[in-house]
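A.B. asks: Residues per chain, in single letters:
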Amino acid sequence: MLELCDITAGYDRRTPVVRGISLTVAPGEAVGLLGPSGCGKSTLARVAALLHRPDAGTVILDGEPARRWRHRAPRDLRTAFGVLFQQPRLSADPRLRLAELIAEPLRATGRRREIPARVGELADRVGLGPELLARRPHEVSDGQLQRACLARALVLRPPWLICDEMTAMLDASTTAALVAVVESYRRESGAGLLAVGHDRTLLTRWCDRTVRWAELGGSAERPRTR
Amino acid sequence: MADAGNSLETYGGWRDAPGAGRAAGSRTGRALRVWVCAGLLVLIVLAVLVVPPLLPLDQQAVDLAAKLQPPSPAHPFGTDEVGRDLLLRCVHGLRVSLLVGVVAALAATVLGTAVGALAGALGGWSDRAVMRLVDLFSSVPHLLLGIFIVAMFRPGVWPVIVSVALTHWLSTARIVRAELLSLRSRPYLDAALTGGASRRRVAVRHLLPAVLPQAGLAAVLMVPHAIWHESALSFLGLGLPAHEASLGSMANAARGSLLAGAWWPTLFPGLFIIVPTLAVAGLAGAWRERTNPRRRSELML
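Chains as they are written, first to last, in full-length UniProt numbering: chain A, 1 to 226; chain B, 1 to 301.
By construction, these hints were calculated from the structure, which means they are not laboratory data.
Hints may be right or wrong, so weigh each one.
Claimed, not checked - Not close to chain B: a few residues of chain A, all C-beta gaps over 12 Å, as computed:
(1) Val31
(2) Leu51
(3) Gln86
(4) Ser91
(5) Asp93
(6) Arg107
(7) Ala108
(8) Leu133
(9) Gly143
(10) Ile162
Claimed, not checked - In silico contact screen, one side only, chain B against chain A (beta carbon under 10 Å); selected entries:
(11) Arg30
(12) Gly39
(13) Asp63
(14) Ala65
(15) Lys67
(16) Leu189
(17) Leu283
(18) Ala286
(19) Arg290
Yeah, the Cβ is synthetic: ideal placement off N, Cα and C, and Gly gets one too.
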C-alpha cells in the first residue's frame, strides 16, 4: 500500500506547488493521475518516489512512514520504486552505453552477477537489439532511449512503478509498446502503478482508476512551472 | 604603378581571406597550429629531459675571461656577464620552470576541484560561505599573495610551487562548482538514486566524469600561468636561490648588460619563457574549441 497523506511540497517554502494532496495506491493497482500541465503532478510523483522531501505530510509505504529522502532514504526503500521520467534525454547519463545504462542499478546494488542474463532478458522485452545496446544515448532516438529507461526501471523488479508522463514525447506505436511492456511486467509481478499524465484517453484505458488533480483537494489556483 | 596595383590586389586578397576562407581555412589553420604547438612541446620536453643528465650544470662555475660573448658556434646563445654558457643555463632554467608549472598547476587543480566540489555538493548556506571565501582570496592580487607566501619560507623550488598553487586554485573552484550546480538538478541523478546508488557512487560514476574534462582543461591552461608566475617571482629575487639557473633571475641579472648593448642574455631567457607557454596555451585552446566550440574566447594567459 502506497499512501500519500496531506502532502504539501514545492521548491520554495512560501509558495508550495502541491498543497494538501492525498492519494492512495493499493498493491497491484494502477492509478492514473490526470492534471493540467504545471499543476504539480510531477512534483507529487517525485515525492512518492522519495526523490523530493515534502514540506508537510507523510508518505506511507506498506504501513511504514518514510522518514528520509533522496540518498538518505534506506536503499531498500529507494529501490522499491521504478521511476520513468518525461524526458529520456535528460534521465540518461550521456556517457553510458544503453547496456550499461540498463545494468547500472544492478551494479549500484552490488548484483553484478545477474547483469548478462537480466539485461538480455529486458532488452528483448522492450525491443532493443544488441546493436542498439552498444550505442550511447545521443546515437538513439527518444523512443529507443525511453525503452532503455523502462528496462532500467524494471531491472531491480520494483514492487512500485511511477511513470511521470512517460509517453508525452513519443509516437502512438512506441507508447503502445511501452504500455504493453509495463502491463506485462505488472501481470507477472503484481506491481502497483502510479501513472501521471494529461492524456485522458490513454490513462483511462491503461489504469484501473483515474483521478483528476482537482478532485484530490489540491488547489490549482496558482499553477507554476516545474 | 604595377607595384601599387599588385599590392592593392594582395591587400584585397588579404581582406577577403577572413570572410571567404573561414570554413576551409580555419580548419587547416587549426590543424597547423596544433601540430606546431605539439612539435614544439615534444622538442621542449625532450630537451628538458635529455640535456640536464648528459650535460650537468655547475651552478657556481664562473669564467670571467669569456664574459658577455655574443652568440658563436661554441656558445650558440652567447655567454652571460660572468661567462656562463646561456644555452645550457636556459635549458636548466626551463626545466625548473616546467617542473614548477606542472606540479603547481596539478596541485592547484586538485585543490580547486576539491573546494568547488565541496561547495557544489553542499549547496545552500555553506556553498555561499565557501564561494565568498574564494572571492576574498581573488580580491588580493595574485603576485602580492604569492610574494607573501614565498616570503614565509627559505628560497627554493617548493615554496614557489606552494605559492603558485595557493594563488591559482580559485578559477578551477569556480568552474567545477558551476558545472556541478548545472548537473545537480538533472533527472539522471534522480534515476541513479532510485536505482540504489549511494551518494558516493553518484559522485564517482556520474558527476566526476562530467566535471573532469573541464577541470583538466583548466589544469592545462594553468601551466603557462604558473610558469610565468615562477619567472616573475624569480625576477623579483624571491623565487629560487640567486645562483641557481632560473629564467626569471637570468632575465633580471641581464638587465645591466642590456644597456651596454648585449641583447642575448635578455632575449633568450625571455624566448624560453614565451615559446613554451604559447605552445601549451595553443594546445589547450584547440582542446577547448573541440570540447566547447561555442565559447571561442581568447586564450587565458
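A.B. asks: Minimum Cβ distance from Lys67(B) to chain A below 10 Å?
C.D. replies: Status violated, d = 60 Å.
A.B. asks: Checking a non-interface call: every C-beta of chain B should be farther than 12 Å from the C-beta of Asp93(A). Is that right?
C.D. replies: It is violated; Asp93(A) is separated from chain B by about 5 Å at its closest Cβ, not greater than 12 Å.
A.B. asks: Can you verify the interface hint for Ala65(B): is its Cβ closer than 10 Å to any Cβ in chain A?
C.D. replies: Since the shortest Cβ distance to chain A is 65 Å, the answer is violated.
A.B. asks: Quick one: work out the minimum CB distance from Arg107(A) to chain B and report holds if it exceeds 12 Å, violated otherwise.
C.D. replies: violated (8 Å)
A.B. asks: Quick one, is the Arg290(B) hint okay against chain A at 10 Å, beta carbons?
C.D. replies: violated (16 Å)
A.B. asks: Hey, is Ile162(A) genuinely clear of chain B, shortest beta carbon separation above 12 Å?
C.D. replies: With a cut-off of 12 Å, Ile162(A) comes too close to chain B, as the shortest Cβ separation is near 9 Å.
A.B. asks: How about Leu283(B): closest beta carbon in chain A under 10 Å, or not?
C.D. replies: violated (24 Å)
A.B. asks: With chain A as the partner, please determine if Leu189(B) meets the hint condition of a C-beta pair closer than 10 Å.
C.D. replies: Holds. Min distance 9 Å.
A.B. asks: Would Leu51(A) pass as off the interface with chain B, using Cβ distances and a cut of 12 Å?
C.D. replies: Contrary to the label, Leu51(A) does not stay out of reach of chain B, its closest Cβ about 5 Å off (not over 12 Å).
A.B. asks: Taking C-beta pairs only, is Val31(A) more than 12 Å away from all of chain B?
C.D. replies: holds (19 Å)
A.B. asks: Minimum Cβ separation between Gly143(A) and chain B greater than 12 Å?
C.D. replies: The claim stands: Gly143(A) keeps its Cβ more than 12 Å from every Cβ of chain B (closest is about 17 Å).
A.B. asks: Against chain A, is Ala286(B) within 10 Å by beta-carbon distance?
C.D. replies: Interface hint status for Ala286(B): violated (22 Å vs cutoff 10 Å).
When held up to the earlier numbered hints, the structure conflicts with 2, 3, 4, 5, 6, 7, 10, 11, 12, 13, 14, 15, 17, 18, 19 and fits the remainder.
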